[in-house]
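Visitor: If you read the protein sequences in the order shown, they are chains A and B.
No gaps in the numbering here: position 50 of the first sequence is 49 in numbering that gives the first Met the number 0, and each next residue is one more.
No gaps in the numbering here: position 43 of the second sequence is 42 in numbering that gives the first Met the number 0, and each next residue is one more.
It is worth saying that the hints were derived from the structure and are not from the lab.
Every residue gets a Cβ at the ideal spot worked out from N, C-alpha and C, and that includes glycine.
No incorrect hints appear here.
Taking lysine to any residue and the SDA-like style, the derived pairs with C-alpha atoms no more than 20 Å apart in a straight line are: (1) B:Lys-144 / A:Ile-91; (2) A:Lys-41 / B:Glu-51; (3) A:Lys-72 / B:Leu-134; (4) B:Lys-144 / A:Ala-90; (5) B:Lys-74 / B:Glu-133; (6) B:Lys-144 / A:Leu-73; (7) B:Lys-144 / A:Leu-122; (8) B:Lys-49 / A:Asp-17; (9) B:Lys-49 / A:Arg-12.
Computed far set for chain B versus chain A, every beta-carbon distance over 12 Å: (10) Arg-27; (11) Ala-33; (12) Lys-74; (13) Thr-75; (14) Ala-79; (15) Leu-126; (16) Ile-131.
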Amino acid sequence: MMDLDDLDRGILRILSRDGMVGAGELGRLLGLSQPAAWRRVKRLEEAGVLAGRRVEVDRAALGFGVTVFLGVKLATRGRVPLEDFERVVSAIPEVQVVQHVLGLFDYRLRVVARDIADFERVLRRRIMTLPGVGTVEANVLLTEERRPGPLG
Amino acid sequence: MLLDEADRRILRHYLAEPALERAVLAERAGVTPATLWRRLERMREGGVIKAEAAVIDWRALGYGVEVSLRFTLDKTNPRAFDEFIAAAREVPEVVTIETFLGRVDVRLTVIARDMGQYQEIYRRRILTLPHIAELEALMLIATIKDAEGLPI
Numbered sequence: 000m001m002d003l004d005d006l007d008r009g010i011l012r013i014l015s016r017d018g019m020v021g022a023g024e025l026g027r028l029l030g031l032s033q034p035a036a037w038r039r040v041k042r043l044e045e046a047g048v049l050a051g052r053r054v055e056v057d058r059a060a061l062g063f064g065v066t067v068f069l070g071v072k073l074a075t076r077g078r079v080p081l082e083d084f085e086r087v088v089s090a091i092p093e094v095q096v097v098q099h100v101l102g103l104f105d106y107r108l109r110v111v112a113r114d115i116a117d118f119e120r121v122l123r124r125r126i127m128t129l130p131g132v133g134t135v136e137a138n139v140l141l142t143e144e145r146r147p148g149p150l151g
Numbered sequence: 000m001l002l003d004e005a006d007r008r009i010l011r012h013y014l015a016e017p018a019l020e021r022a023v024l025a026e027r028a029g030v031t032p033a034t035l036w037r038r039l040e041r042m043r044e045g046g047v048i049k050a051e052a053a054v055i056d057w058r059a060l061g062y063g064v065e066v067s068l069r070f071t072l073d074k075t076n077p078r079a080f081d082e083f084i085a086a087a088r089e090v091p092e093v094v095t096i097e098t099f100l101g102r103v104d105v106r107l108t109v110i111a112r113d114m115g116q117y118q119e120i121y122r123r124r125i126l127t128l129p130h131i132a133e134l135e136a137l138m139l140i141a142t143i144k145d146a147e148g149l150p151i
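Put together the whole structure using the sequences plus the hints.
Guide: Here it is as structure tokens:
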């Protein structure tokens, strides 16, 4: 586990808002030379703290007006191997996120669709036919906000 | 903003693998690097690409616990949503805030170093948030898939 100082936290705060900021600009913003900023970014990458980049798009502008979170409970617990369920559900193109969770449900899925009718098609044809699927609860996403997290 | 075939090809490959070298991305999308640069710039300006942010792996920083907290709010108070969300933004360990149409009103993703710290955050910062009617927790066991890809 990596310990961070204030400069590392500054780098993470800036890059988690805009991952395209280069070492030169990072250095200027934080009072570091470009090579020093570059070395710190490199170190954060090597420690696995900076783990790639996420591209956020206006899904509605691309024709995907509906995002739904599904809570899925498996019906025949223990009879269908979790790996089978996970393999099939991960292969559905409309399913962006698959999380195995502990609680009221067994899995959380994020599903994108063009509209409610398209979502119904995905739900009926792809989700309800998954191996071992039991009850499903749907909540339509209205807004989402990512926070910087505990970067003090 | 209107997107043509080339824009869609670029986005499909970019969303699937945001870390691709620009030259490789251009080749896969079947455009020249100059066209790629111009198209990406246009889609940023047009708001289709909203953000290209670095992903922070909180586990690499010692945050081993991630919990999805699902809230139903007391909607008899017209300010319930605004006041709840404003208060949730003040909790550093809250890394995402989502609002929904459905049985769940708001979902928070909360991270903690361990169960001891989680319990502390839960008791002091979460249960004290305003206008909570109901609350349930899903503890993350594993993320099987986390992609921004769209079937475009």
